Amino acid sequence: MSIDVAGPLLPLVPLIVGLIGLVLPPGDGDRARRRLAAGLGVAGAAVALLLAVRLVLDPADDPRNVGFTLADFGYLEVRFGTFVDAAAGYVALAVTVVALFVQIYSIAYLHDDRRYAPYVAQVSLFTGAMLLVVTSSDLILMLLGWEVMGACSYLLIGHDRRLPEAPAAAVKAFLVTRVGDVGFLLGIAVLIADAESTHLGDVLTHDYSPGTLTAALLLILAGVAGKSAQFPLHTWLPDAMAGPTPISALIHAATMVAAGVYVVFRLYPLYRQSPAALATLAVMAAITILIGALSATAQDDLKRVLAWSTVSQIGYMTGALAVGSPAAALFHLLTHAAFKALLFLAAGAVIHAVGTNLMSRMGGLRTHMPVTFWSFVIGLGALAGLPPLSGFWSKENVLTAAAHATGGGETAPAWAAWVVWLAALLSVGITAWYATRLLLRTFFGVSRAYGPDGPWVVGFQDGRYRTPAVPHDPPALMRWPLILLAIPAALLGLAAFAPGFRTALELEDPHLGVAVALPMLLLAAGAGTAWWLWRAAPGADPALVLGRAEPFLAAGFRLDEVQDRFVVRPVTTLARVVTAFDTNDVDAVVMATGTGASRAGAALKAAHRLPLPAAAVAVCAAALLLGAVAWLGALA
Numbered sequence: 001m002s003i004d005v006a007g008p009l010l011p012l013v014p015l016i017v018g019l020i021g022l023v024l025p026p027g028d029g030d031r032a033r034r035r036l037a038a039g040l041g042v043a044g045a046a047v048a049l050l051l052a053v054r055l056v057l058d059p060a061d062d063p064r065n066v067g068f069t070l071a072d073f074g075y076l077e078v079r080f081g082t083f084v085d086a087a088a089g090y091v092a093l094a095v096t097v098v099a100l101f102v103q104i105y106s107i108a109y110l111h112d113d114r115r116y117a118p119y120v121a122q123v124s125l126f127t128g129a130m131l132l133v134v135t136s137s138d139l140i141l142m143l144l145g146w147e148v149m150g151a152c153s154y155l156l157i158g159h160d161r162r163l164p165e166a167p168a169a170a171v172k173a174f175l176v177t178r179v180g181d182v183g184f185l186l187g188i189a190v191l192i193a194d195a196e197s198t199h200l201g202d203v204l205t206h207d208y209s210p211g212t213l214t215a216a217l218l219l220i221l222a223g224v225a226g227k228s229a230q231f232p233l234h235t236w237l238p239d240a241m242a243g244p245t246p247i248s249a250l251i252h253a254a255t256m257v258a259a260g261v262y263v264v265f266r267l268y269p270l271y272r273q274s275p276a277a278l279a280t281l282a283v284m285a286a287i288t289i290l291i292g293a294l295s296a297t298a299q300d301d302l303k304r305v306l307a308w309s310t311v312s313q314i315g316y317m318t319g320a321l322a323v324g325s326p327a328a329a330l331f332h333l334l335t336h337a338a339f340k341a342l343l344f345l346a347a348g349a350v351i352h353a354v355g356t357n358l359m360s361r362m363g364g365l366r367t368h369m370p371v372t373f374w375s376f377v378i379g380l381g382a383l384a385g386l387p388p389l390s391g392f393w394s395k396e397n398v399l400t401a402a403a404h405a406t407g408g409g410e411t412a413p414a415w416a417a418w419v420v421w422l423a424a425l426l427s428v429g430i431t432a433w434y435a436t437r438l439l440l441r442t443f444f445g446v447s448r449a450y451g452p453d454g455p456w457v458v459g460f461q462d463g464r465y466r467t468p469a470v471p472h473d474p475p476a477l478m479r480w481p482l483i484l485l486a487i488p489a490a491l492l493g494l495a496a497f498a499p500g501f502r503t504a505l506e507l508e509d510p511h512l513g514v515a516v517a518l519p520m521l522l523l524a525a526g527a528g529t530a531w532w533l534w535r536a537a538p539g540a541d542p543a544l545v546l547g548r549a550e551p552f553l554a555a556g557f558r559l560d561e562v563q564d565r566f567v568v569r570p571v572t573t574l575a576r577v578v579t580a581f582d583t584n585d586v587d588a589v590v591m592a593t594g595t596g597a598s599r600a601g602a603a604l605k606a607a608h609r610l611p612l613p614a615a616a617v618a619v620c621a622a623a624l625l626l627g628a629v630a631w632l633g634a635l636a
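In terms of UniProt numbering, the sequence shown has 12 at position 12, counting the first letter as 1, and numbering is strictly consecutive.
I should point out that these hints are in silico values taken from the structure, not numbers from a laboratory.
If you're wondering where the values come from, they're calculated on a predicted model, not measured in any experiment.
Quick reminder that beta carbons are idealized off the backbone N, C-alpha and C, glycines included.
Some clues are possibly wrong.
[Said to hold, decoys possible] The following label-pair restraints were derived from C-beta to C-beta distances:
no. : residue 1 : residue 2 : range
1   : Val23     : Leu521    : 55 to 61 Å
2   : Ile483    : His111    : 16 to 22 Å
3   : Ala602    : Arg161    : 52 to 58 Å
4   : Arg558    : Ala32     : 46 to 52 Å
5   : Val577    : Ala621    : 49 to 55 Å
Please model the entire structure based on the sequences and the hints provided.
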């Protein structure tokens, strides 16, 4: 199959499968419908994976303006075309691998979900939309994929309508990301209007004025902050944990949060020309890295720890972009997709076994769930940057790039590189601390959850009552995705030594000297501190050492409250004032005008109904009056 065929089919296959799945009835327990929905979802993801492999083996060399015309607006022609170079091919491969494993995993995880059929269709649409963002050579089509992702995220986060927090989390995710999407739309519009083309190649080579370019790129960064959960629009991501765990894996690993990073990567030739945009991105990245890492230290919910870690790790990617190393950003995006998908699916296995998200009600699971335990060991090790796991190599690239940029010579100012480097370096120790805490509280010690008949959780899960049972590793459909994802989570970083991979992504050679000594010391200090606190007070939460700061960090620095007080409430108050003015004043003027005209019309109507003698007298009187006026005017 030629690249000209495989490229367009890559996003189209899951999109078409998703549209077909939407017309399937929800199921309501019908096994035949459920099997059909599962078959469609898995087949669509598998075909997309094969197409991605085909494109990785034979990437495009240049963004040719191929395809067919979708719309013609005079000087603007929107074409359906794809550009899959090596970078896009690897990102598409990561997306399709995670999407396929999520579809397989969901068959068992949502085995009793009556709305499984629309869920599968929405996952396929979500995957296709992300692939459209990755492969499109037209900014309008990229924007279309961007918007479809937002709509699908709303549906998937709020999928389980039995959870009261799910609809609120879905609305919050939709609204917060829409705030950024307004800027994204305006930024894309500015680029297209000035270049007079929607084609990516034309936009990247157009000569923009510095002011126009900086304004457009800053507006695009607003959309990036929303979709990729960067400060200050990151607050939706931890609440999105109300969605099913496989959706958390899909959103947090390779799709929605990676979309913003990928868009900046694709537009990076323009960002290289704007020091102000890169400096803004650097500050945003540094704040996000630290907020995400520090907030993760105080969470009790297993999934929220991983969610806040996603916020922090995406900050590493945007930080690498800010200091002039898009290759390091893309490399960390790929490794993060592997180990974060592994961690979320492993977390789903734990939740499925014990019926709770809270680490305070877990413990002692290591011997009962060995496959899940080792999945967490590999995933958390990669997250913390433990050599030789994948996260070590990609983080090393980010830190090295930031350290080199502190000497100047890059588009971004040196101070911005210092900010990114210090934040990323400090976060290494913090990440090791909360990763060790999560592993210890979940899998070591003794169970801290006691039911009336046994040591394991008793309660409701998925709308049904769970009886006490000894936890165990998940069934095969959930277990095999963990085993297979553990391979790239452990070994993908070694691809940095492969000349073909390194050349395709333009990666620098790995640095294994003194440059990695300080990060390794911080990693050892963070993990060792968490272990020492655990051993010093067996069974106690190491986060207790945070003292009064723990609730503050657990609430994500209370930024939700800050936004509510300084954004939501003023906007709501302004809306009420405008509504009252519109109702009491504008509407009153309109209504008064209408009432006055009606009354004047009624008076004239009554005048036209005068009897003939009275009408004759009125006409004569009017004639006399007009004559008098004319005579007086002549005298004057």
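Quick rundown of the hints versus the structure:
Between Val23 and Leu521 the beta carbon distance is about 58 Å. The supplied range of 55 to 61 Å therefore holds. One distance hint, 16 to 22 Å for the beta-carbon pair Ile483 and His111, holds here, with the actual separation near 20 Å. Taken as a hint, the range 52 to 58 Å holds for the pair Ala602 and Arg161, whose Cβ atoms sit roughly 56 Å apart. A beta carbon spacing of about 50 Å between Arg558 and Ala32 agrees with the range 46 to 52 Å that was offered as a hint.
Distance hint for Val577 and Ala621: a CB-CB separation of about 52 Å, consistent with the stated range 49 to 55 Å.
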